[in-house]
Amino acid sequence: MERTEAELIAAVLKGDAASFEPLVQKYSPRVFATARRYARRDSEVEDIAQEVWLKAFDKLKSFRGEAPFEHWLMRMTVRTCYDFLRGHQRNRESSFSELSEPENDWLERFVTAPEAASDNADAAKLLIGRVMEKLSPSARLVITLLEIEDRSVKEIARLTGWSVPLVKVRAFRARAEMRKILAKMTKDKYL
Amino acid sequence: MNLAELQKKLIAVARTEVLDDRVPYAFEKRVSALLASRVASRVAPQNLDLWVRGLWRSAISCVAVAMLCGAWTFFTPATSASSDDLSQNLETTLLSSVDQNDQAP
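Taken in sequence, the protein lines are chains R and E. In case it helps, the numbering used here puts the first sequence at residues -2 to 188. In case it helps, the numbering used here puts the second sequence at residues 67 to 171.
It is worth saying that the hints were derived from the structure and are not from the lab. Nothing here was measured: the structure is a model prediction, and the numbers come from that model. Keep in mind that the hints are not guaranteed to be accurate.
[Said to hold, decoys possible] Straight-line Cα separation of at most 20 Å, SDA-like style, residue types lysine to any residue; simulated pairs: (1) K181/R - K95/E; (2) K58/R - V105/E; (3) K56/R - E94/E; (4) K52/R - A106/E; (5) K177/R - N68/E; (6) K165/R - I77/E; (7) K52/R - L100/E; (8) K74/E - A110/R; (9) K56/R - A99/E; (10) K74/E - D119/R; (11) K74/E - R127/R; (12) K177/R - A106/E; (13) K74/E - R170/R; (14) K184/R - N68/E; (15) K23/R - A92/E; (16) K74/E - A118/R; (17) K165/R - K74/E; (18) K74/E - T109/R; (19) K23/R - R88/E; (20) K11/R - A99/E; (21) K95/E - I6/R; (22) K74/E - S133/R; (23) K74/E - S115/R; (24) K95/E - A8/R.
[To be verified] Covered stretches of chain E (in silico footprint by chain R; criterion: 3 or more residues with CB under 8 Å from a CB of chain R, positions within the stretch not fixed): (25) 80 to 91; (26) 100 to 106.
Idealized CB from N, CA, C, for every residue including glycine.
Produce the complete structure using the sequences and hints provided.
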């Protein structure tokens, strides 16, 4: 008979580390999907996921079972991703002069006819990836959670551990930072 | 160029991206092995602690026994008044051959 999540967690807390494996198996797809939003290389994504599970194991005592385990785990995942971004800030130094030809073409198309530039173009995906990499860690986290994943400010506050006013302030700054990066990118290209 | 529009467009692009939730093969086994080794490394120092505590206790009792023996030999009065004590006898025995050579004509 398959054990419930609460039973598995109770067994782990009693010292049965093997009971943690079904939890890892069940929730790893979500952890990996989240980690891939913040890290590009497979090795980095795997490191983040591994870190998340080690933290989850160590801090399992702090899980009180009031909210679903998944929510608790996602909080840990988001915070680990944020730590990863803060630890890899040097990667933001690249310049926009290295834009590939498809990226340049997409931008050209957008300049001439914004509505004609398609949402599904691979070049646009590369471009937004590049812009996201240039953002500061907090700005990237806020833009991802608020604009891309469409989460509420309250939800972001819960996930990140920041206060609601702080999330709002950081969201405002993140949008401004993104516009600044876009301005620099288009200035590099068109001025 | 309308930057706000470009920003909106790029965010719309990011939203269309399908999340990749693939997990590497046997990832959960790897995590389990890692956790098991961590648990084992936490148990090892506990065993070491037990040994260290036991050895300290035995060291303390050894020192106590040594001090008691020392005190016993120091405070016990000599049983015989003769000067032929153990050290004297040992010296005579060891140097007996030298003494014999000296006495020989």
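Hints, verified against the model:
1. For the given pair, K181/R sits about 46 Å from K95/E by alpha-carbon distance, which is inconsistent with the 20 Å threshold.
2. Among the hinted pairs, K58/R with V105/E is consistent with the structure: their alpha-carbon atoms are about 15 Å apart, no more than 20 Å.
3. Our distance criterion of 20 Å between C-alpha atoms is met by K56/R and E94/E, whose separation comes to about 18 Å.
4. With a CA separation close to 17 Å, the supplied pair K52/R and A106/E stays within the 20 Å bound.
5. Distance hint between K177/R and N68/E is fulfilled; the C-alpha atoms sit about 12 Å from each other, no more than 20 Å.
6. A threshold of 20 Å between alpha carbons decides the hint, and for K165/R with I77/E the separation of about 18 Å falls inside it, so the pair holds.
7. Restraint check for K52/R and L100/E: the C-alpha separation of about 12 Å stays at or below 20 Å, so the hint holds.
8. Only pairs whose Cα atoms come within 20 Å are accepted, and K74/E paired with A110/R is accepted, the gap being roughly 15 Å.
9. Using a Cα cut-off of 20 Å, the hinted pair K56/R and A99/E holds, with the two alpha carbons roughly 18 Å apart.
10. Simply put, K74/E and D119/R have alpha-carbon atoms about 17 Å apart, close enough for the 20 Å limit, and the pair holds.
11. Among the hinted pairs, K74/E with R127/R is consistent with the structure: their alpha-carbon atoms are about 15 Å apart, no more than 20 Å.
12. Between K177/R and A106/E the alpha-carbon distance is near 51 Å, which puts this suggested pair outside the 20 Å criterion.
13. For the proposed pair K74/E and R170/R, the alpha carbon gap of about 16 Å is at most 20 Å, so the pair holds.
14. Only pairs whose Cα atoms come within 20 Å are accepted, and K184/R paired with N68/E is accepted, the gap being roughly 12 Å.
15. For a cut-off of 20 Å, the pair hint linking K23/R to A92/E stands: about 13 Å separates their Cα positions.
16. Between the alpha carbons of K74/E and A118/R the distance comes to roughly 15 Å, so the proposed pair stays at or under 20 Å and holds.
17. For the hint pairing K165/R with K74/E, the CA-to-CA distance comes to about 19 Å; that is within 20 Å, so the pair holds.
18. Straight-line distance between C-alpha atoms of K74/E and T109/R comes to about 16 Å, which keeps the hinted pair within the 20 Å bound.
19. Between the alpha carbons of K23/R and R88/E the distance comes to roughly 12 Å, so the proposed pair stays at or under 20 Å and holds.
20. Pair hint K11/R plus A99/E holds up; C-alpha atoms about 18 Å apart against a cutoff of 20 Å.
21. For the hint pairing K95/E with I6/R, the CA-to-CA distance comes to about 17 Å; that is within 20 Å, so the pair holds.
22. At roughly 19 Å between alpha-carbon atoms, K74/E and S133/R fall within 20 Å of each other, so this suggested pair holds.
23. Taking the CA atoms of K74/E and S115/R, the gap is near 13 Å; set against the 20 Å cutoff, the hint holds.
24. Proximity of K95/E to A8/R is assessed by CA-CA distance (about 18 Å); at most 20 Å being required, the pair is judged to hold.
25. Evaluation of the coverage hint for the segment 80 to 91 of chain E: fulfilled, as 10 residues show C-beta separations to chain R shorter than 8 Å, against a requirement of three.
26. Using a Cβ-Cβ cut-off of 8 Å, 5 residues of the segment 100 to 106 of chain E lie near chain R, which meets the minimum of three, so the contact claim holds.
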